[in-house]
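Heads up: the sequence lines are chains A, B, C, D, E and F, in that order.
Throughout the first sequence, residue numbering follows the numbering used here, covering 1 to 279 in sequence.
Throughout the second sequence, residue numbering follows the numbering used here, covering 1001 to 1279 in sequence.
Throughout the third sequence, residue numbering follows the numbering used here, covering 2001 to 2279 in sequence.
Throughout the fourth sequence, residue numbering follows the numbering used here, covering 3001 to 3279 in sequence.
Throughout the fifth sequence, residue numbering follows the numbering used here, covering 4001 to 4279 in sequence.
Throughout the sixth sequence, residue numbering follows the numbering used here, covering 5001 to 5279 in sequence.
There's no promise every hint is true.
Calculated pairs, DSS-like style, for lysine-lysine (alpha carbon to alpha carbon, straight line, at most 27 Å) [what the hints assert, rightly or not]:
hint, chain 1, residue 1, chain 2, residue 2
1, C, 2041, C, 2114
2, C, 2265, D, 3181
3, A, 8, F, 5007
4, A, 70, A, 114
5, D, 3007, E, 4007
No wet-lab data here; the hints were simulated from the structure.
Here the structure is a predicted model, which means the values were calculated and not measured.
Protein chains: 6
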Amino acid sequence: MNQLLLKKQLQEFLIEDIGTGDLSADLFNDETEISASIVSKESGLFAGYEVLNLGYGLIDPSIQTSIYVKDGDYIEQGMVLAEIRGSRTSILKGERVLLNLLQRLSGIASVTAKAVSLAKGRTRICDTRKTTPGLRMLEKYAVRCGGGYNHRFGLYDTVMLKDNHLAGFSSIQDAIETARKKLGHTVKIEVETETENQVIEAVSAGADIIMFDNCTPEEISQRLRYVPERIVTEASGGIELDDIDSYARTGVQYISLGFLTHSNKALDISLNVKGAVKA
Amino acid sequence: MNQLLLKKQLQEFLIEDIGTGDLSADLFNDETEISASIVSKESGLFAGYEVLNLGYGLIDPSIQTSIYVKDGDYIEQGMVLAEIRGSRTSILKGERVLLNLLQRLSGIASVTAKAVSLAKGRTRICDTRKTTPGLRMLEKYAVRCGGGYNHRFGLYDTVMLKDNHLAGFSSIQDAIETARKKLGHTVKIEVETETENQVIEAVSAGADIIMFDNCTPEEISQRLRYVPERIVTEASGGIELDDIDSYARTGVQYISLGFLTHSNKALDISLNVKGAVKA
Amino acid sequence: MNQLLLKKQLQEFLIEDIGTGDLSADLFNDETEISASIVSKESGLFAGYEVLNLGYGLIDPSIQTSIYVKDGDYIEQGMVLAEIRGSRTSILKGERVLLNLLQRLSGIASVTAKAVSLAKGRTRICDTRKTTPGLRMLEKYAVRCGGGYNHRFGLYDTVMLKDNHLAGFSSIQDAIETARKKLGHTVKIEVETETENQVIEAVSAGADIIMFDNCTPEEISQRLRYVPERIVTEASGGIELDDIDSYARTGVQYISLGFLTHSNKALDISLNVKGAVKA
Amino acid sequence: MNQLLLKKQLQEFLIEDIGTGDLSADLFNDETEISASIVSKESGLFAGYEVLNLGYGLIDPSIQTSIYVKDGDYIEQGMVLAEIRGSRTSILKGERVLLNLLQRLSGIASVTAKAVSLAKGRTRICDTRKTTPGLRMLEKYAVRCGGGYNHRFGLYDTVMLKDNHLAGFSSIQDAIETARKKLGHTVKIEVETETENQVIEAVSAGADIIMFDNCTPEEISQRLRYVPERIVTEASGGIELDDIDSYARTGVQYISLGFLTHSNKALDISLNVKGAVKA
Amino acid sequence: MNQLLLKKQLQEFLIEDIGTGDLSADLFNDETEISASIVSKESGLFAGYEVLNLGYGLIDPSIQTSIYVKDGDYIEQGMVLAEIRGSRTSILKGERVLLNLLQRLSGIASVTAKAVSLAKGRTRICDTRKTTPGLRMLEKYAVRCGGGYNHRFGLYDTVMLKDNHLAGFSSIQDAIETARKKLGHTVKIEVETETENQVIEAVSAGADIIMFDNCTPEEISQRLRYVPERIVTEASGGIELDDIDSYARTGVQYISLGFLTHSNKALDISLNVKGAVKA
Amino acid sequence: MNQLLLKKQLQEFLIEDIGTGDLSADLFNDETEISASIVSKESGLFAGYEVLNLGYGLIDPSIQTSIYVKDGDYIEQGMVLAEIRGSRTSILKGERVLLNLLQRLSGIASVTAKAVSLAKGRTRICDTRKTTPGLRMLEKYAVRCGGGYNHRFGLYDTVMLKDNHLAGFSSIQDAIETARKKLGHTVKIEVETETENQVIEAVSAGADIIMFDNCTPEEISQRLRYVPERIVTEASGGIELDDIDSYARTGVQYISLGFLTHSNKALDISLNVKGAVKA
């Protein structure tokens, strides 16, 4: 996590919501200090420690935040996750944006954890680039909190040769050779395969990662025989929670799941004001 | 929709994904021109015309985009939504980010349309501030595409007096009077009520909108009797798709649904390259 | 007021003036600590507490700022408004930008207060969107400091149907119905009227606010008879300080004044260095 | 003028006003094309050609803008300054922000021209750093349009030794020598003087510019005798329009006027829609 | 190369130089159109096609740019690299910033090409993270133009375990296992080694890349025997042009050179105005 | 130096390198506190105090930085320049970017000092606008640290009439008169001359600074006779370290050197971790 980038993003998110001012919270005349709890209203995995830790400080440096959970912790319904103490106006101003983030990140961590547990340690669960625009760093962080792994972060850090790329070369071998000729030693090359022949060709051309795209578990089991141990394997393409077990049994090393981030269900987390703090 | 703001956001989203360059698409030596289709792989409502219209132009002004659907159109599985023609490198570079947005916005429009149809015209469906940080303008636009209505856009455009705000005043009347004394004539005041007494008090204090928070349909039916016609009513708080019919039958005017935006399921849309264009 | 946004604006304003460095203040070799006063050289209303409070901290966190007035306070010529203590270099660097803002905001508050006093409590004074580009939040804040009210903050938070909008519809009724059909319950609809018939039509179509544009006090008095109590009324269009009394006597509820912000006269405020602080 | 910077500023200003969308203009269903005129409702000097030229293009590249005046032109009440043709929605969206700028800049140009004419060619009129934060480039441009001259643009391009700076040195000579020792040959050094002795000292120390701060015309006449021709002279400090003639008669070369920019009166300019364009 | 990001950077660079306006070029009254050539005054490799291609368009879209060379082309002293035609004012405004970039990038490409030729195809030359802050994308692009390869782009795309990282683990094996446990399959792990034992340990722990840091060619030759073919090897640490041959002879696969970017010598390129274009 | 601008630049530079997170440093589980030294591995002049002072604070406010040198100090090989104490993760994250800046700035200061010493006090050494895009403020600061002087900071603060500008006027006199007519009293006018006649013309037209462009020392000696004392003189154009002595002997007042910033050799500075701090 890059805290400097996170701070910059939190500032933009808070400004998006507060705009020219909080018409409701700015009605208070006094500077009453209150105490409030962040409470989970649903069980799942928590993610978003830094969001909470940095977020309120940006709004008002005098707010004190005590967080009782760590990223990746299992939280039960009704648990107090954190306590916030400070100016009522400031606490109410930041509530919605910070909860929106906590709920989304914890939702991603929770569904990732579910996927991980369904894989029973046989295979690793990873994400895709199907993240919410603007939130890639945070959403991929949440996947890690849930026990998942990150696939590439963007177009800039790994080569992925999909069918539309391969169509531009004479063969998989041509494509991989071109990549090796142009790119340095820190970049891995992944090839998306749809047929047995493509797997064989990708192996012989020296791919670092072979992805089985839209294949059945049976097809994958079959084709894994062509893949030597040094090459990483990945199953991808419309795999749902119910499919994980059968894919995991094939022995494929990674299963990438777009829905972890593109179809997130928020984990219900709310802020309860406990009342004014007596001086 | 503010196109200037949208362009700025699209630039940031594209830079988030492309980073220092697209390692894969930049492998192509030639400048092959291809033709590609945007195809729906699932039925639902389309949203995101401007995203597609402006997005590819930002990456490469020479790309031609023909879009065959309008925002809010019902699209069937397999339909060709748009055709893109231009440099293969540029089309592949923008694919993921633009699809991520189209899928998210169309997903929101689609679930909104489902909620709207369940309300059978008895009540209006509206959104909340539980949107994805950074995407409020776009997600609220998608709700409109689905036939829903927008609740306030931020803390800056409507007063919402929740329990945590009311706790800072001697009474609902005190809170509303304070707001009227401080705020101009373009701002509406909404009061969140949890009890019958609060409804009565909010009506007598002159609230513009009364929200029934976490109330059963029965409670709402009961309490609507105290609300004169000039005051708008809204049901809120954990209402799911299955609950819409019973809430709609109460006669409440708006039902606000957080899940429209906080727990979005992406609509499956993809880009199919049709091949190189012959010169 | 959104402090996060204010900080961002102050940073940009300070960078605009300091640029690549303060050639004069950077001549000092030593780090002499000085004490300085912010003094009003003219009577009026003060506005800009947060500007002063946050501004010097951005330049140099070690500067101590003691502010003796609150926003909206009447300040007499010669009054010490604040005392600043810290590095001479830092205090001189920020002087001009912060005074530019204080003078402008206090000027707006002062002229607003004059308008408010001329209205003798009969009507409320409000601003317009004729603010300085880039300073809308601050200038509208200053209007409130002077006892005025804010009209809409931008095109995004209230519908205003002017003649140029109405020309696009078959009638005022058509325009309002279209707006009601498309927009949610938190948005008010204001209609600009120039004739008696338009007033009657706007009332019957259910406008929330009726603006009398470029009407004489007599015309307004006449036309107010058609407007029921639940509809807010506003006089607008080239009204000057001298006209306020006669408009206020009509019983119209709001008078909006473009000159509050578009033709501001700065209130004279300056910084006096009192000398080096002895260690 | 830096057009790249101007574009960036215009984008920010338009986004400030349009926010998440123009609720009123976005009500139109059709894409009616209209024609509109920019008309002066007051006589004065025009400034803002580039604002108009670039501004509408940022909102909608298909808008055609024909501008009939040049910056610095005298415009009479009722003159058509420009014609705009394009989508009604787009034209209405940009109207207020662009007019706000045109009015402010033309107001500055007009008052500058008045000051210039009062100086009757005996002395040059210049501005100060008392500009609106965020608008320095534009406001100083407007001063030039009115026939005035620009004083320094910021703390970064000229040394100005005011009393608070001089207090940090043993003498004016010490201050100037320090500056000459530290700064290169492209930077001029101006010294603010309040007494005859300071003038004499500044001359002998080799100042490039001598400012007479808060001096009467008589004092200036007296002290100019000590200033050789190669040193530029400037009168400053609370000089109003009525004082210009007597200051100009002293033979001082520049008179700097803070009110040109800090207390601007907008020139009244408006946009008149002429109606739909027939296809 | 990410053109969107490049445009954003070019805008900032141009604004840094032009500031509030080009005092010299803005002196011209007319809009004379001129023709100018970009000429190399030194032999070397060219890099910066997109800088030139996009740069002038940002300043003035009417400028026509014809570029006669491609990135990576060898250019001889006196060659005309490009011709620019358009407004004199605009061409002079952009000259310095664009040349600064072309000179720097071509300088990097040229020295890289020299290093590549010294390696005689025995080993690849690559860069480091010792790039100029703000210019990483462009400088790493220039290295590729010169025939070199890119090492990691930042801390975010490859694991590099240096001595300071290894000090935080019980052993190299512990460090690599920790990385494998936490990180996905697209990330390579490089280990910096200083001793023979570290090489042996890194090999057995499964490093993807082994870097020989500050080792002599003899040490590297010796230690390469422990490294199986599937692991990439890299020599690093203060290697100069004169050392390349002896390092290349060791059989190490990559030599990384900090000086390619941290101690760049600009290639001399200038703009010659050929005169006004006759209408 | 503008600290606010520097902070903004440092944030961008750090984000460029850290991106979505530091894959290596984020492997540490614990929050070990370490102590590290910044050490010079080469002799030269130090520049970059504020970079170090502000930089680590941006990454992690709990890091303590003790800097033992001032900008412009001569540092010997092996000297400890600063000590850093704090979280190992944070210290390693910022290392490369901060060293990249320190090395570049100290390299510039060092070569400037060399040039200054070669001039033996006979003439001043100054920089040009051939700085790295994005780093002008910092690089020009480094030139001052080395005892050099700054030429203009951008196109906005001094008029420089080069051959390409002069070509647009009927004569040097015409150009200077135009500039004097348009520009205020704080701006100096420099004229680039290539012939004796141009020098004579520039003197008689009242240039403030005369630059001898691409002239031999002999030519300059010859032509200096035409230049009265009040006009500053500058030699420019491809002057290298070896040429300084002969140019300095001519009596010219400034020698401007592009290579100070366009062909910088980094000064070798590194960070040595001393180990974990015992609690």
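Hints and how they fare:
Annotation: proposed proximity of residue 2041 of chain C to residue 2114 of chain C holds, straight-line Cα distance about 18 Å (limit 27 Å). For the suggested pair residue 2265 of chain C and residue 3181 of chain D, the alpha carbons sit about 41 Å apart, so the restraint of at most 27 Å is broken. A C-alpha spacing of about 13 Å is found between residue 8 of chain A and residue 5007 of chain F, which places the hinted pair at or below 27 Å, so the restraint holds. Of the supplied pair hints, the one linking residue 70 of chain A and residue 114 of chain A holds, its CA atoms being roughly 18 Å apart against a limit of 27 Å.
Between the alpha carbons of residue 3007 of chain D and residue 4007 of chain E the distance comes to roughly 14 Å, so the proposed pair stays at or under 27 Å and holds.
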